[in-house]
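Student: Given next are the chains, with one letter for each unit.
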Amino acid sequence: MHGYSAFSILRNGLTGQRHWRRAWRSPDPKSAYDVVIVGGGGHGLATAFYLAENHGVRNVAVLEKGYIGGGNVGRNTTIVRSNYRLDGNTQFYEFSMKLWEGLSRALNFNVMFSQRGFLLIANSPGELDTFGYRANVMKLNGIDAELLDREEVRRMVPYLNFSEKALYPVHGALLQGRAGTARHDAVAWGYARAADAYGVDIIQGCEVTGFVRQGERIVGVETTRGRIGAGKVGLAVAGHTSVLAQKAGLELPIESHILQAFVTEPIKPLVHHVVAYGADHFYVSQSDKGGLVFGGGLDGYNSYAQRGNLGVVREVAEASIAMMPCISRLRILRHWGGVMDMTPDGSPIICPTPIDGLYLNGGWCYGGFKATPASGWCFAHMLAKGEVHPLTAAYRLDRFRTGRTIDEAGAGPFTWLQ
Amino acid sequence: MRRLAIGGRIDRSQPMEFTFDGRAMTGFRGDTLASALLANGVRLVGRSFKYHRPRGILSAGPEEPNALVTLGTGGRREPNLTATTVELADGLVAESQNRWPSLKFDAQGINGLFAPFLSAGFYYKTFMGPTRRAWMFYEHFIRKAAGFGRAGEEPDPDRYDVRHLFADVAIVGSGPAGLSAALAAGEAGARVVLIEQDFALGGTLLSDPQDSESAAWLSGMLARLAGMPNVSLMTRTTAFGAYDGNVLGLVERHGSGTADPKEGQARQMLLLLRAKSIVYASGALERPLTFANNDRPGIMLASAARIYLNRFAVLTGTRVVVATDNDSAYRAAFDLATAGAEVTIADSRAEPIHDLREQARRRGVAVRTNSLIANALGRRAVRAVSLSEPGGAATVRCDLVAVSGGWSPTVHLTSHFGVKPVYREDIQTFVPGKLGAGRFVAGAVMGGLTTAGAIEQGHRAGVDASAFCGAAKAVQQPVRLELTEIDAGPDDSPLGTSLRPAPLAQLVRGGYGSPAILPELHRPRRSGETSHAKRTRGGDEEGAKLAAGKAFVDIQMDVTTQDIALAHREGYESVEHLKRYTTLGMGTDQGKTSNFYALSAMAGLRGMAVPEVGTTTFRPPYTPVAIGALAGRSIGHHYKPIRRTPMHDWHVANGAQMLEGGLWMRPWFYRTSGRDVNEAYVAEMRMVRETAGLMDISTLGKIDVQGPDAAEFLDRVYANGFARLPVGRARYGIMLRDDGIVFDDGTTTRLGERHFFMTTSTAKAADVMSRLEFLLDTAWPDLRVSVTSVTYEWAAMSVAGPNSRDILAAAFPDLDVSNEALPHMGLLEEQYRDMHLRIIRLSFSGERAYEIYVGASLGNEVWCRLMEAGAPFGLKPYGVEALGALRVEKGHIAGPEIDGRTTLDDLGLSRMVGKRSGYVGEVLERREAFSDPARPRLVGLRCFEPGKQLHAGAILFRPNESLQGHGLGRITSVTYSPALDAWVALGLLAREAAVEGAEIVAASPIIGQAVRARVVSPIFLDPKGERLRG
Amino acid sequence: MLRIECPCCGPRDHDEFRYGGDASVTRPAYDDPDFEAWYRYVFVRENPAGLHREYWQHVVGCRQWLVVERDTRSHTIASIRFARETRA
Amino acid sequence: MADSSTMAGFEMAADDCVIVQFEGWDGAMAQFEAQLRRMLDGPLPNEVGETVRHDSWVVIRVAPRRFWLLGDDPLPIRDIDPELGCTLPLGEGRVRLRLFGGVIKHVLERCVAVDWKTLGEGRAVQTGLHRVPILLLRRSAFECDLLVPRSFSKSMTEWIADASTAGP
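Sequences listed follow chains B, F, U and D, in order.
So that you can map any letter, position 16 of the first sequence is 16 in our numbering, and since no number is skipped, the others follow by simple counting.
So that you can map any letter, position 480 of the second sequence is 480 in our numbering, and since no number is skipped, the others follow by simple counting.
So that you can map any letter, position 44 of the third sequence is 44 in our numbering, and since no number is skipped, the others follow by simple counting.
So that you can map any letter, position 47 of the fourth sequence is 47 in our numbering, and since no number is skipped, the others follow by simple counting.
Treat the hints as calculated values from the structure; they're not laboratory data.
There may be inaccurate statements among the hints.
Partial chain B-side listing against chain U, Cβ under 10 Å, derived [said to hold, decoys possible]: (1) W20; (2) H240; (3) E255; (4) S256; (5) R307; (6) G311; (7) T353; (8) F414; (9) W416.
Here are the computed lysine-lysine pairs in the BS3-like style, where the Cα-Cα straight-line distance is at most 25 Å [stated by the list, open to error]: (10) F:K276 to D:K105; (11) F:K640 to D:K105; (12) F:K420 to F:K434; (13) B:K289 to F:K640.
Between beta-carbon pairs, the in silico distance windows are [unchecked claim]: (14) D:K105 to B:A409: 40 to 48 Å; (15) F:A1010 to B:R21: 30 to 38 Å; (16) F:G914 to B:G410: 37 to 45 Å; (17) D:D55 to U:R27: 44 to 52 Å; (18) D:A161 to U:E5: 52 to 60 Å; (19) F:A766 to U:R27: 36 to 44 Å.
Yeah, the Cβ is synthetic: ideal placement off N, Cα and C, and Gly gets one too.
Isolated chain B, as found in the complex (with noise of 0.2 Å):
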């Protein structure tokens, strides 16, 4: 891989931008891989990445219908943390933590991952002690966590609605200091490039139309592009989960939902940490170039339209004002909609399938873009030495049956409001 690094910046500078090389090849397909990975998002591309340097496993496909990156992760709101209180969630989500804080340079691409701190607002009493639960979790093990009262908020984020008649007053927060935010495209792109250098075919424009079957196992997949033989296939493609499911003939508790997401203009520095309301759906943060990014709860209804209704849009709109007054004369830019892979417990699935050679990563309701570099580790193991990793033992697909459910909001089996 040819570096990057201050002085092929300088180098560059100098002679016109002419010697940076492509970040990842287009090649053809080849005819077999060892393991082919449908899905050019974030965890495709990271499962790839992660079996070529952990495993040594290289020759190695990911197939993307678009181009990559094309879907949630970079989407999102770009949020990472690890408060999770459930077990199962907990020690996953910190795993993924840590890679995250040395992403940038185990990729040699600067995914931007920013540790402004994350912090979860409480709006009451009762939630306080909820989130005295989370923090202890959260300790126990091992991950940073702090609690803060009304005034210590007040003096970290003192834009926000402090006024005793608010419906929502502040009654405290949620600190988790090395919870930030990264840059979701470079993430797809830092892993592509990284997966490229050791190998790895990284095949856009190429959607799965079905799967070749040898008896039971599965062992291909045909492609837009032809047929791939495979010795492994690991579906990777969130918010699509159930339709090239159906094509395995795999049943799933799975239903896609859609999650807006909004920027507005890029303003000088306003908003440092992330902020996230536990009463009603509002999470805020500012991006390098200046644009608050924020969102809301779920459209409510199962989509596969990556477009959001006006509803939504208005009522983020009322919750962002009631907790942050200035926004109010802030413009809007855009605003889009994410396809979700939502499970009738919140919690993501990563397990082998009850179908021979075929392997399971999706579920991801939301928390999809933080668990993408844990996601691909666990998932490159799963594909590599055929076994699950600890770390991923709670997300498998027989908790429904068994009710090992990992249910953090406690809605139960309506994925729409989870």
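The hints should help you fit chains F, U and D onto chain B, whose structure is shown.
Tutor: Chains F, U and D alone, transformed into the frame defined by chain B:
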């Protein structure tokens, strides 16, 4: 640059004073801020995003990339407004942005020196060391440099509003097509709403001279439309988004400075227009040209120069070069010449399509054909241009460069429903894709029509759209506009030939002008090359010399041709990669003037046809929308509607500290009980245990259940049985979800054989109600049961404590409330004087207690009656904090335990169910994990360390176990128990560890504490229930 | 903003309704002890990218539960009926 | 509750009213409606949103099997045959807001997504006002009643009063 003495659509009798960067200036009513600045000779209006290059006004509309200003101060501060769309108002205060210390001298202009290193995506390649957190250090400076204007940090003092509107036909755009559509639809009898973002109607017609035929046509049409009661014309209104269900999101801005928030008027109004059909007549936007230093102040779209001249009476230059690749710009050239400017046309083609040379000659306009603009000279204002011509380079002095690179239809709104625009090779532009039923297009948005054509198209769309809505009255022929050749200029349309072949060669030439920068730039794959294009390639070397300097594609985001080439070289080839990698199209203008060029340039580089590279996705809003406008009225105390119980005012008047829960306001504690919540709740607990307390429980969900099959129904929805509940008795009931997890609990009382009264928790009231209806409508429609929410029908209060019966007797002396007449779980329903009372003897606190229900209108009266009668018995009110503590002492579960993850068995309630079957959730309750010995179940915990306190959220461990991981469970609810003088808690603890008497450690590392406690029965007080019976 | 035409109240914004999820799954009889049937009813979803039968309740209106057939890609609504009628 | 506020061209008054709900069982609607017609001595509205006036009572069909009787005086509740349906008083839970004035259309546009122009006089609409369920009954060209939940009534009246200050 100067204002002309006559002409234009400004009102010279109404001068308006304004300031720009502190400098006082005067404009007129009818000006935009941009036109007024130009009239005052201001060319330099801003600094660019990355290189801080000086910038001037490029356009006359919402596509403006450069002229961003901040208006207002304090809470009214509003950054990033396009001066080209700001209606001038008296007293307006505008500031330029992104410069320090001043616009003329910007220190960060030094960035330009580092430009060679600041290419697209450079930050992905560096700032990664030396330490892991190094990025945080660099980022600090990058963030400070980024952004445009500064936002205010104070709340916005202005008001916003929302209105719900309905129409048959919504028409977007008031140009010739839109007006014609409105007239036709209006005549057909449809309810029509015509939406125009500008403060004046007319669209492109406004750029014609006021004494022209088109101006006469416009005023004629407006007069006719004004006389139609079924047509409403909305100006200053932007259709920012088209949403499913044919709902258009519109924002109406108030006119210049007239909104007065004190009078209740809104600064901006969100209009939600539900239209049966939509006509898109949104026109087209002119594309600039790409050449070296094409961002210099004084370089302006040809159409804009014409608008400033004809609409605002501002002559923006006296020596003008019109650089074009199409006929439409000739019109600007002719009008500028007529106004007295010295005009040279540099036409990149061998010949204009229409016979325009003679017209040019007559007006004294010089036409140079095969003439490519290569460079602009001058820094804060353009001084001259270099032209690349067959005979060599030429330099032409000028103070205005009017450019035209063809036109892009404004397809944005048509694609919001997910309909991708389609590329038309013949006219080399994107036009709307196949729209759904009831959606029509007319005019330039379809891809280049003459004015006459637009009128014809609009007329047809108006007729079709009305017919779609069932409005089909006879419609007259369209009002035609026949423009004579000479007045109309090159064509009879202001769009002229713009959308016909030619632009692409020019677009690509943007790169040819600077071959050193773009060596591998190729033309897009097209059938049949024109000789012209071949010729221009020959001029490459010379072009290189001419074109020293950056050629901007996205002028706002400082994305150059070089950046596009770099993105291509590095493999960021799909249009989305290109945009994201270079930030092209990511600015406040969303790339309205740059997207098309970028796309065709990438197509050229890849040797593909344009559509193969992709189309950009247009997302709402079309232009930025204030968040305040989207929230409308729903701010402050209107953020959400608040629910108040009938006794609300009493609570507030009597010292209650209120707490919101599920939009209800409930007394948290009473300040009369203690200084703070901790002191108050203990006092209130003592009072209930020792004398009596009164609590407002009106917020409980209440559901009336009636019908022949009501008992059977309840038997199915509750896990425990209700069929055999005797009339006049109440029972605690618990419901599961289908997956076997506990859903909610409450009590249900049998009022009659076929009539029940159910209560639910406050939090789950709506969910339970809806679920019951779901089961009846979808699963068991054969059951004859009626369920109706009566939550707000009844006021409800609970009088609890040893003295509660005496108080009840004193308040209602004629009622028999003896233990025999009203035993524990008994019902007394009586008409007591004018009051219909429903008294149910139920206890949550563990004390003898009565729930008194009465019609909501009498709630306060009965409350006061009880307070009065109870005073001698020590009765005082108590709040939810005390209630929550009392129930912990009694081991009653509530929200913290029913958290959506616990089963009946987890909560120690499986005995209630016994061997019943056929209830909701029964089957999946048998899932194997639910009997796992490691699964936590409800326990009581009692702290035995003197002076120490248990905390909610503490994690439970065995003694000597290392404190890490997730432990064996957690504390869910905690309270100090005055009765036991100890801290007690409810918790969920692994079954294998949940042995009464066992010692446990409750760890709260967040406060640095680990407390020892003992596992006990969750019922801390009166386990036999003697206090509540008898 | 979807517009859902309630069979008895007329066309309304979708936020007048409560979503109820997949209506193509069959709820077992209340006393059906078949674990597999309940598991499938509660958890297994076809989740089609295309026509989806789903429940909506007109909560601020007539409170009837409806079965709506809607395309999850375009949000085009093909049919709307009372849930009670669809069981016949 | 009796509150009255006057705005320019718009008035709002709040009062209590009597509402009695009648609901018939699926499968017994014909007999149920026959009994209800006999009881009221007159016709019933055929479709949801339609209303019929009987003396001082307005009968509104609020759902396919549900009717509301709306009036000012206590209705001598007459029980319906339990094999056919059931009845329930609901007036305590709702406050009736009487709105009238020349600008009523502009006020309502800021409150509910209801097309006032096409809403016939005597028609009833159940919809949401700031997401709260309400029933709007159009009385005449410039008059309507809103039945709003009592618990939300203060929020609702404040919202409407605020909307009425905005002008057309």
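Student: The structure should be examined with respect to each hint, and the outcome stated for every one.
Tutor: Hints, one by one, checked against the model:
Hint status for B:W20: violated, given a least beta-carbon distance of 38 Å to chain U, over 10 Å. A cut of 10 Å between beta carbons decides the hint on B:H240: the least distance to chain U is about 7 Å, and the hint holds. A least Cβ separation of about 5 Å between B:E255 and chain U falls short of the 10 Å threshold, and the interface hint therefore holds. With 10 Å as the threshold, the beta carbon of B:S256 comes within range of chain U, its nearest partner Cβ sitting at about 6 Å, so the hint holds.
Interface hint at B:R307: satisfied, since its Cβ lies 9 Å from the closest Cβ of chain U, which is below the 10 Å cut-off. About 4 Å separates the beta-carbon of B:G311 from the nearest beta-carbon of chain U, less than 10 Å, and the hint is met. The interface hint given for B:T353 is broken, as the beta carbon of that residue sits about 14 Å from the closest beta carbon of chain U, more than 10 Å. Of the supplied interface hints, the one on B:F414 holds, with its beta-carbon coming within about 6 Å of a beta-carbon of chain U, less than 10 Å.
For B:W416, the interface hint holds, since its Cβ comes within 10 Å of a Cβ in chain U; the closest pair sits about 6 Å apart. A distance of roughly 20 Å separates the Cα atoms of F:K276 and D:K105; the hinted pair therefore holds under the 25 Å criterion. Distance hint between F:K640 and D:K105 is fulfilled; the C-alpha atoms sit about 23 Å from each other, no more than 25 Å. Only pairs whose Cα atoms come within 25 Å are accepted, and F:K420 paired with F:K434 is accepted, the gap being roughly 8 Å.
For the hint linking B:K289 to F:K640, the alpha-carbon distance of about 33 Å lies beyond 25 Å, and the restraint is violated. Checked against the hint of 40 to 48 Å, the C-beta distance between D:K105 and B:A409 comes to roughly 43 Å, which is consistent with it. The hint said 30 to 38 Å for the Cβ distance between F:A1010 and B:R21, and at roughly 57 Å that hint is violated. For F:G914 and B:G410, the Cβ-Cβ distance of about 26 Å falls outside the hinted range of 37 to 45 Å, so the restraint is violated.
Checked against the given bound of 44 to 52 Å, the beta carbons of D:D55 and U:R27, roughly 45 Å apart, stay inside it. At about 33 Å, the CB distance of D:A161 to U:E5 disagrees with the hint of 52 to 60 Å. Remark: the range hint 36 to 44 Å for F:A766 to U:R27 is contradicted by a beta-carbon distance near 21 Å.
The structure shown violates the earlier hints numbered 1, 7, 13, 15, 16, 18, 19.
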